[in-house]
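Q: Residue strings, one per chain:
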Amino acid sequence: MTEEKKPEERKRRKTATEAASRVGPMVKAALAENLRAKEEGRPIAYSFIYSGYDEIIRAMDIVPAWTENYAGVCGVKRDAQRFLEKAESENFSRSLCTYALCGLGFDSWREETGEMPPNPPWGGQARPTVMLGSGQIICDPRYKWYQAAQHYMPDVPVYVAGLPYPPYEDDYDYRDVQGYYVKYIVEELRGLVAFLERHTNRKMDWDRLSEVIDISDRTWNMISEAYDLRKAVPCPMGTGDAMNTMVPMTFMMGTQEAYDFFKDLYDELQLKIANREGVIPDEKYRLLWGGGLPSWFALTDFNYFNSKGAVFPAEVTYRLVEPVYNLDLPRVSDPLEHLAWRWVKYWAYRHDKARKRPGSNPDVERLIEYIEDYKIDGVVMHEAFSCRSWHPGLIWQLNQLKRIYRDIPSLILESDIVDISSYNEADTRARIDAFIDTLEAVKSR
Amino acid sequence: MPEEAGSRGLAAADRYYEDYGSRVRELKKQGKQIIGYLCALTPVEIIAAAGLVPFRIKGDVNEPITKADTEMETIVCPLVRSWFDMSLKGKYEFLDGIVIPHACDSISTTYNVWKNTLNLPYSHLINMPHSTDGPSLKFYKALLNTFRTSLSKFTGKEISDQSLNQAISLYNQNRAKVRELYELRKASPPLISGAEVAKLLIASVSMPVEEATLLIDSVIKEVKQRGGVLAAKPARIMVVGAEVDDVTFIDLIEDSGAWVVADDLCPGAREFFDDADVTADPIEGIAERYLRKIKCGRTFREKKGDYDDYLEERFGHIGRFIKDFKVDGVVLYIYKYCDPYGFDVPAMKSYIESVGAPVLYLEDEYSMSTIGRLRTRIQAFLEVLGSK
Ligand code: SF4
Ligand code: SF4
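Residue numbers (the working numbering), protein chains in the order written: chain A, 1 to 445; chain B, 1 to 388.
FYI, nobody ran anything at the bench for these hints, they're computed from the structure.
Wrong hints could be hidden among the right ones.
Claimed, not checked - Derived DSSO-like pairs: lysine-lysine, alpha-carbon spacing no greater than 30 Å straight-line:
1) B/Lys89 <-> A/Lys402
2) B/Lys141 <-> B/Lys186
3) A/Lys356 <-> B/Lys157
4) B/Lys141 <-> B/Lys295
5) B/Lys349 <-> B/Lys303
6) A/Lys77 <-> B/Lys336
7) A/Lys183 <-> B/Lys336
8) A/Lys183 <-> B/Lys153
9) B/Lys89 <-> B/Lys186
10) B/Lys233 <-> B/Lys293
11) B/Lys303 <-> B/Lys141
12) B/Lys32 <-> B/Lys153
13) B/Lys157 <-> B/Lys141
14) B/Lys153 <-> A/Lys356
15) A/Lys375 <-> A/Lys402
16) B/Lys138 <-> A/Lys203
17) B/Lys295 <-> A/Lys183
18) A/Lys183 <-> B/Lys141
19) B/Lys336 <-> A/Lys353
20) A/Lys203 <-> B/Lys303
21) B/Lys221 <-> B/Lys233
22) A/Lys375 <-> A/Lys353
23) B/Lys304 <-> A/Lys183
24) A/Lys183 <-> A/Lys14
25) B/Lys29 <-> B/Lys233
26) A/Lys38 <-> B/Lys326
27) A/Lys443 <-> A/Lys14
28) B/Lys186 <-> B/Lys326
29) B/Lys138 <-> A/Lys183
30) A/Lys402 <-> A/Lys308
31) A/Lys203 <-> B/Lys304
32) B/Lys303 <-> A/Lys183
33) B/Lys304 <-> A/Lys38
34) A/Lys402 <-> B/Lys349
The task is simple: from the sequences and hints, build the whole structure.
A: Written out as structure tokens, the structure is:
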């Protein structure tokens, strides 16, 4: 395998907040920590964001390696193509999740040569001790990716934790079934703890787990309160920055560092509001990022929106928390049970609200809520071709929003999360320009 | 049943296949309620026990997808898009409801689209877990009980254990018939072609199970009677993939000079080879069957033993088919955007090769437009097989 010439890396995107600009070094430090853990023989777990087990890993002092993050890093550095091609040469379809393909290409390469692929972005991704998947209606790669990775690392054990949440249905209420959902999740998480104790030389310290969960609950609240500040006009922080601040939210949950980060963000945003300092000085259009993972290699598109007077005060993507005090959680003594209740209640958060509006559902309800709370003029979504988790259903949500709420300008961008060959900057920007024209026309009506 | 004599045998299977849904359309007129469902992981026994007719939604390779894209993304697997397109075009106007199992992303993340666009009186998602461990089975049973309650709310009638047991035994009889049918494929040349089997099995999931069993039985009798009429061909092929509900692809292989003699497909061996046990609580046997027995890529099996054991656990049934049906080569036929099978390709391919069968891996889009390209690849593969 020859190393290809790397496409030119972009210069760093300008962030609106100081907090967001701190994230790059944090990711770099986390990856360095993984490599150090490897050298020191500490256990490393390949992990998925948003799998409800962050606190367990932290409490057991296992080092998480967020494989989606590493693929995203390759995307941001515009150095994913060689790993995608490697995966393709292994017979993985290019239509599959490109995070997974990037990871599988990387892993199969590393296992084949016994060393990191040449010049890996930020030092590379170390061989894991265990791989932790999950089973839920979020995505199939959560149980297929690591199973496929095992083909190259047959000795690395995989655990798949069932983490379902009740669907929104017409003929029953989630409260009718939440009991058995919670029970199941607790058993699966207990199974995870046992698995980790078996395959790493770590023991669960249950008091420590409760402490970690306490930190993460407080972090959930702090994030929610900080993000709520973005309702201000002018808006002090946009979605472009949120694609950075998602890092401590998704990759560092349960750490004091994450809590402190969002406390700092909160303070920074308050200061900006006091000084009437917005992302852009002359805010013309307030947009909602209504769904879809971003193109990591093209985050500067957010700056392009800004240059046209548009700002994104809110996004659905990666806003993976609600204030814990609003979730109506029962008081329980078992920390795993708390995690399970938080998971189920988070997912059911807008069920009651949706029921009050005929034709609505929790996803549509969330769009409506953000449109109202953040004074939104238009909705932008991104259809990433390789990810069937967050992306199917977006068209319907948008259609339904217009049918049951109001006609609001909208734009669906099409590309990918990692695969840059699916992206055309000129086309994308032409579509953004046309959308801005529409917004203008609607405003001046 | 109407057309007593004419509703039997290969010609009837052909007709039910070509005019897919014709039987339930008649039943609808007689006042039956029809429940559409997606994928072999829907526990049809429960629907039948409720006195409803389960009807498998089918796509059409020959019908370009034109309507679906207005409500459903093109990144959904082309099979699901075709199903949805056919539904939107009014092909299944007789449906009273829809049941969708949490099979894969393409199926379950579009549940809201199905539910809200078709706007049928009944809809239900069965949130099936991915793992097969004890807690997952218990959870799945709870889900099936919720489904049971939900269906009885819809019909206004309790679903008794007795009616469940009866449905289980009717479906088991049906599956036994399919296994008997497969015996006819073991001869060389086979007594029944792959295309004939495919049409029959696809037709069979479009009608009440008792009728399907009679239909399959009549085909077995007809085929036995006609004896060895199929010409000898140089290769015996097994097709492995997700759901293939259109005969075009099987025809393509058989027109290229081979017989398709075995499969791991739905409708096909994956769907019909395992029974539901009759258990004290009927839900138990149903849950076991769908979660643990059906070997589909969407179900995660935990690795026990070493990696070779693991491959055997996941794909051993394919190896047994290759041996029992004297398969010369395997075609892995996987749709673009299919996550459960797409991620399995390298492991599955290396397993099949390790048991001695050459593999052709084809990625396809469930559309006539790709047929030419597929034909070339298949012919090349058959040539290689022939020269061995
Ligand atoms: S399919 Fe989507 S959600 Fe799942 S791992 Fe890939 S990018 Fe993430
Ligand atoms: S072909 Fe694959 S993606 Fe499509 S419905 Fe079947 S399992 Fe799901």
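Q: The structure should be examined with respect to each hint, and the outcome stated for every one.
A: Results for each hint:
Among the hinted pairs, lysine 89 of chain B with lysine 402 of chain A is consistent with the structure: their alpha-carbon atoms are about 23 Å apart, no more than 30 Å. The hinted pair formed by lysine 141 of chain B and lysine 186 of chain B fails the criterion: a straight-line CA distance of about 37 Å is larger than 30 Å. As the CA atoms of lysine 356 of chain A and lysine 157 of chain B are separated by approximately 29 Å, the hinted pair is consistent with the 30 Å bound. As the CA atoms of lysine 141 of chain B and lysine 295 of chain B are separated by approximately 18 Å, the hinted pair is consistent with the 30 Å bound.
A C-alpha spacing of about 18 Å is found between lysine 349 of chain B and lysine 303 of chain B, which places the hinted pair at or below 30 Å, so the restraint holds. At most 30 Å may separate the alpha-carbon atoms for a hinted pair to count; lysine 77 of chain A and lysine 336 of chain B meet this at roughly 27 Å. Of the pairs offered as hints, the one joining lysine 183 of chain A and lysine 336 of chain B is violated, with about 36 Å between alpha carbons and a cut-off of 30 Å exceeded. With a C-alpha separation of about 25 Å, the suggested pair lysine 183 of chain A and lysine 153 of chain B falls inside the 30 Å cut-off, and the hint holds.
A C-alpha spacing of about 40 Å is found between lysine 89 of chain B and lysine 186 of chain B, which places the hinted pair above 30 Å, so the restraint is violated. In summary, the hint linking lysine 233 of chain B to lysine 293 of chain B is not supported, as the alpha carbons are separated by about 34 Å, beyond the 30 Å threshold. Proposed proximity of lysine 303 of chain B and lysine 141 of chain B is supported: the alpha carbons are some 23 Å apart, at most 30 Å. Between lysine 32 of chain B and lysine 153 of chain B the CA atoms are separated by roughly 17 Å; this keeps the pair inside 30 Å, and the hint holds.
Distance hint between lysine 157 of chain B and lysine 141 of chain B is fulfilled; the C-alpha atoms sit about 20 Å from each other, no more than 30 Å. For a cut-off of 30 Å, the pair hint linking lysine 153 of chain B to lysine 356 of chain A stands: about 22 Å separates their Cα positions. A distance of roughly 16 Å separates the Cα atoms of lysine 375 of chain A and lysine 402 of chain A; the hinted pair therefore holds under the 30 Å criterion. About 27 Å separates the Cα atoms of lysine 138 of chain B and lysine 203 of chain A, which keeps this hinted pair within 30 Å; it holds.
Simply put, lysine 295 of chain B and lysine 183 of chain A have alpha-carbon atoms about 26 Å apart, close enough for the 30 Å limit, and the pair holds. In summary, the hint linking lysine 183 of chain A to lysine 141 of chain B is supported, as the alpha carbons are separated by about 13 Å, within the 30 Å threshold. Distance restraint check for lysine 336 of chain B and lysine 353 of chain A: the Cα-Cα separation of roughly 37 Å exceeds the 30 Å cut-off, and the hinted pair is therefore not satisfied. For the proposed pair lysine 203 of chain A and lysine 303 of chain B, the alpha carbon gap of about 23 Å is at most 30 Å, so the pair holds.
Distance hint between lysine 221 of chain B and lysine 233 of chain B is fulfilled; the C-alpha atoms sit about 24 Å from each other, no more than 30 Å. Restraint check for lysine 375 of chain A and lysine 353 of chain A: the C-alpha separation of about 19 Å stays at or below 30 Å, so the hint holds. As the CA atoms of lysine 304 of chain B and lysine 183 of chain A are separated by approximately 25 Å, the hinted pair is consistent with the 30 Å bound. In summary, the hint linking lysine 183 of chain A to lysine 14 of chain A is not supported, as the alpha carbons are separated by about 46 Å, beyond the 30 Å threshold.
Between lysine 29 of chain B and lysine 233 of chain B the CA atoms are separated by roughly 45 Å; this puts the pair beyond 30 Å, and the hint is violated. Of the supplied pair hints, the one linking lysine 38 of chain A and lysine 326 of chain B is violated, its CA atoms being roughly 48 Å apart against a limit of 30 Å. Taking the CA atoms of lysine 443 of chain A and lysine 14 of chain A, the gap is near 28 Å; set against the 30 Å cutoff, the hint holds. With a C-alpha separation of about 7 Å, the suggested pairing of lysine 186 of chain B with lysine 326 of chain B holds against the 30 Å cut-off.
Note on lysine 138 of chain B and lysine 183 of chain A: the hinted pairing holds, with a Cα-Cα distance of about 10 Å set against a maximum of 30 Å. For the hint pairing lysine 402 of chain A with lysine 308 of chain A, the CA-to-CA distance comes to about 25 Å; that is within 30 Å, so the pair holds. Taken as a hint, the lysine 203 of chain A and lysine 304 of chain B pair is honoured in the structure, with Cα atoms around 23 Å apart against an allowance of 30 Å. In summary, the hint linking lysine 303 of chain B to lysine 183 of chain A is supported, as the alpha carbons are separated by about 24 Å, within the 30 Å threshold.
About 26 Å separates the Cα atoms of lysine 304 of chain B and lysine 38 of chain A, which keeps this hinted pair within 30 Å; it holds. At roughly 47 Å between alpha-carbon atoms, lysine 402 of chain A and lysine 349 of chain B are farther apart than 30 Å, so this suggested pair is violated.
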